[in-house]
Amino acid sequence: QKEVEQDPGPLSVPEGAIVSLNCTYSNSAFQYFMWYRQYSRKGPELLMYTYSSGNKEDGRFTAQVDKSSKYISLFIRDSQPSDSATYLCAMSKGLGGTSYGKLTFGQGTILTVHP
Amino acid sequence: DTEVTQTPKHLVMGMTNKKSLKCEQHMGHRAMYWYKQKAKKPPELMFVYSYEKLSINESVPSRFSPECPNSSLLNLHLHALQPEDSALYLCASSQVSPPSTGGEGYTFGSGTRLTVV
Numbered sequence: 187q188k189e190v191e192q193d194p195g196p197l198s199v200p201e202g203a204i205v206s207l208n209c210t211y212s213n214s215a216f217q218y219f220m221w222y223r224q225y226s227r228k229g230p231e232l233l234m235y236t237y238s239s240g241n242k243e244d245g246r247f248t249a250q251v252d253k254s255s256k257y258i259s260l261f262i263r264d265s266q267p268s269d270s271a272t273y274l275c276a277m278s279k280g281l282g283g284t285s286y287g288k289l290t291f292g293q294g295t296i297l298t299v300h301p
Numbered sequence: 475d476t477e478v479t480q481t482p483k484h485l486v487m488g489m490t491n492k493k494s495l496k497c498e499q500h501m502g503h504r505a506m507y508w509y510k511q512k513a514k515k516p517p518e519l520m521f522v523y524s525y526e527k528l529s530i531n532e533s534v535p536s537r538f539s540p541e542c543p544n545s546s547l548l549n550l551h552l553h554a555l556q557p558e559d560s561a562l563y564l565c566a567s568s569q570v571s572p573p574s575t576g577g578e579g580y581t582f583g584s585g586t587r588l589t590v591v
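These protein sequences, in sequence, are chains H and E.
For the first sequence, the working numbering begins at 187 and goes up steadily by one.
For the second sequence, the working numbering begins at 475 and goes up steadily by one.
What the hints contain is simulated information worked out from the structure, not anything from laboratory work.
From a predicted model like this one, the values you see are computed outputs, not experimental measurements.
Treat the hints with care, since some could be wrong.
[Claimed, not checked] Straight-line distance between alpha carbons at most 25 Å, and here's what the computed BS3-like set of lysine-lysine pairs gives:
no. : chain 1 : residue 1 : chain 2 : residue 2
1   : H       : K288      : E       : K515
2   : H       : K279      : E       : K510
3   : E       : K483      : H       : K228
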């Protein structure tokens, strides 16, 4: 069983829809949680970063962390065709520079938003 | 400056060539990373530098040789690569101490797309 599970999709939605992306994890040692967006043949772009349970909002994006259920989500409101990309969840047990800071990624969800 | 800059963006090299990938950041991050990403897969960690010292080597073959000349620069020296080493090579950086107000997470560069022929 993978430490981080993410439904690879693909997920196809109409423009304007609310998109929900999810990851579950098995190791309660994970403390820092990130969502990345990756366009084809580009590097991952950090969308959201949080280290506590609860919600964090940034524009059309809301990240939700539930440590008790070991579940994280990313919601995209008013989705646009430009949101079409692969979305990766990632998490670490600590901060950078040590084995605890090592990022563990989900497999990525391919999202297509059609006009 | 909240960017990680990687050069070159594309690289084609023969199996007997020696080349280097370069990465630069000016966010004051003291941890820097090399990741390898194959198509339709998540990034895989190769090396971690903390305060310019190699702290993690994920059993990477010796044909990949990392170097961290200073706190802003990270290089990856390539020699005698195989076609299966063709991939997107990503550099990233992060803080090493607890974030005071959320922090920036791990910031990735755009990558170098490497093709070994």
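Consistency of the hints with the structure:
{"no.": "1", "hint": "H:K288 to E:K515", "verdict": "17 Å, holds"}
{"no.": "2", "hint": "H:K279 to E:K510", "verdict": "21 Å, holds"}
{"no.": "3", "hint": "E:K483 to H:K228", "verdict": "10 Å, holds"}
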